[in-house]
Amino acid sequence: MMMMTKIRIWRFHRHRISALTDDRNNIGCRHVHHEATQTRRRVVVTGMGAMSPLGNTFVESWNNLLDQKSGVTTLEQVLVNHQNLSPEQLDFEWKIAQKLPCQVAAPVQNLPQDPRTARFVQMALFAGEEAMKQAQLAKIIDDDKFSSTTHRMGVSVGSGMSGVREITQSLSTISANMDNVNIRKLSPHFIPKVLTNSAAGRLSLEFGLKGPNLAPSTACAAGSHAIGDAFRAIQYGTADLMLAGGAEASIEPLGMAGFCRLRALSTGFNNSPDLASRPFDKRRDGFVMGEGTAILVLEELEHAKQRGIPILAEVCGYGISGDAFHITAPDEHGLGAERAMIMAFEDAAHLHCEHPENVKVGYINAHATSTPKGDEIEAMVIDRVLRSIGDAAAHNTTYVSSTKGATGHLLGAAGALEAAVTVQSLVAQTLPPTLNLGDPDEKLDQDQCFEHIQLNSLKGSIEIDAAMSNSFGFGGTNASLLFRRYHD
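Quick note on numbering: UniProt numbering labels position 421 of the sequence shown as 421, and the sequence is numbered without any gaps.
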């Protein structure tokens, strides 16, 4: 029996190694071919809202990003500013925080907090309101023309570690005296606060949206998957309008301790927090935990035109894949990330009946989190993808930057905020720099067919028609979103 088990295991690994070898031997010819089974509708962005370490609105966050401000501060300052913590909770968190090798984080400042509502949900509600206002949707429920179609309007909001903060704080509250554990101190709102779909549910309730109600939980790609899934729902007729994005509030000692044990967080800049997050830079040593949210209004094109609303950009490509390599480490060859990017290119090309090489992406908002290996692999993949679709051969300049230098890593909300930044880059024809990229890693800068945006934002002399946002997460999950300037 033991021998049979060993044979089965050996056969499994032989099959797996063979499959991986075949995949890696075909690096240059893995274009994803997929045919639409029905007519795809066009999807546009008509509103955006955000709360981030750079500001409590998207407009404020965008302006501070261009001004090269940093949202990173000391962990001590984060705890001091959490006015909603009870003395027991603050003492519990501070005892853990003092022992962490990473002493920096990027919090949202001055958030009005409702004790009945989880922090990540509260942020999503503020961002959703901002997005709805820009899209002029506040009055849609009162408009007889649209009020009867709210079942065609939905929500898709992702999160990675949504409940960690509430679990930690609630546990510290009921167990403050271990000899007299009192569960009556536990809030009756505890369960709704820790559910990943709480943000989507509350947005649906707040605005009366009765269509699809989704909440992807795919680690650091959750926000991008939420936008991509909303895009597909509208494309294929399940909905006409979706609020889509991500929300995360996991800056608390237990979660940070876990990432420290993985050696994923920056530890070399505790005395200079604004320098700690430095994607693609030679001195990068790990990511900085951030928090925040971004919500986009996605809308079917004719629906938006019927409302007479300004259109910010068109969503035209969405690629997803899995690495099947390691639970926390990226595929060392970047094959999964490459498949997602190429799928997004081909998706956009199919939508407009073009060849992928005709989709001229002038800007890529990289996932780049400031980890030594992750940034290196993504730079390699971006270069390979651009060459494979012909942009490099055609001498088109593609610029690359990571907003995480300024915001830290928002985990499940990162892709949503970066998608909003990518859209605004098309609207403003202005590209944000990578903060702290003072000395690019030479290993990432050899014969590349793209240019880093280092010291200042690019504007005036550029014309960007299409832009991409990448998100990759633990579990080997990958997502790429492709946006274009709207052309009727």
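Source of the hints: derived by calculation from the structure; they are not laboratory data. Hints are supplied without guarantee of correctness; some may be wrong.
[Claimed, not checked] Label pairs and their in silico Cβ distance ranges:
| no. | residue 1 | residue 2 | range |
| --- | --- | --- | --- |
| 1 | N213 | C353 | 42 to 48 Å |
| 2 | K459 | D439 | 21 to 27 Å |
| 3 | R387 | P101 | 38 to 44 Å |
| 4 | N270 | H151 | 50 to 56 Å |
| 5 | N270 | R41 | 47 to 53 Å |
| 6 | T397 | D439 | 19 to 25 Å |
| 7 | I174 | T328 | 30 to 36 Å |
| 8 | R41 | K373 | 20 to 26 Å |
[Claimed, not checked] Result set (DSSO-like, lysine-lysine): computed pairs, CA atoms no more than 30 Å apart in a straight line:
| no. | residue 1 | residue 2 |
| --- | --- | --- |
| 9 | K282 | K459 |
| 10 | K305 | K69 |
| 11 | K69 | K459 |
| 12 | K305 | K210 |
| 13 | K133 | K373 |
| 14 | K373 | K282 |
| 15 | K133 | K95 |
| 16 | K360 | K373 |
Idealized CB from N, CA, C, for every residue including glycine.
Quick rundown of the hints versus the structure:
Hint check: N213 to C353, Cβ distance near 33 Å, so the stated range 42 to 48 Å is violated. A hinted range of 21 to 27 Å for the beta carbons of K459 and D439 is consistent with their spacing of about 24 Å. The hinted window of 38 to 44 Å between R387 and P101 holds, with their beta carbons roughly 39 Å apart. For the hinted restraint 50 to 56 Å between N270 and H151, the CB-CB distance of approximately 51 Å keeps it satisfied.
Taken as a hint, the range 47 to 53 Å holds for the pair N270 and R41, whose Cβ atoms sit roughly 50 Å apart. Distance hint check: the CB atoms of T397 and D439 are about 22 Å apart, consistent with the given range 19 to 25 Å. Distance hint check: the CB atoms of I174 and T328 are about 31 Å apart, consistent with the given range 30 to 36 Å. At about 40 Å, the CB distance of R41 to K373 disagrees with the hint of 20 to 26 Å.
Between K282 and K459 the alpha-carbon distance is near 26 Å, which keeps this suggested pair within the 30 Å criterion. Distance hint between K305 and K69 is unfulfilled; the C-alpha atoms sit about 37 Å from each other, more than 30 Å. Between K69 and K459, the direct Cα distance comes to roughly 18 Å. Compliance with the 30 Å bound is thereby established for this hinted pair. At most 30 Å may separate the alpha-carbon atoms for a hinted pair to count; K305 and K210 meet this at roughly 22 Å.
About 40 Å separates the Cα atoms of K133 and K373, which puts this hinted pair outside 30 Å; it is violated. Distance hint between K373 and K282 is fulfilled; the C-alpha atoms sit about 12 Å from each other, no more than 30 Å. Simply put, K133 and K95 have alpha-carbon atoms about 42 Å apart, too far for the 30 Å limit, and the pair is violated. Between K360 and K373 the alpha-carbon distance is near 28 Å, which keeps this suggested pair within the 30 Å criterion.
The structure does not agree with the numbered hints 1, 8, 10, 13, 15 stated previously, though it agrees with the rest.
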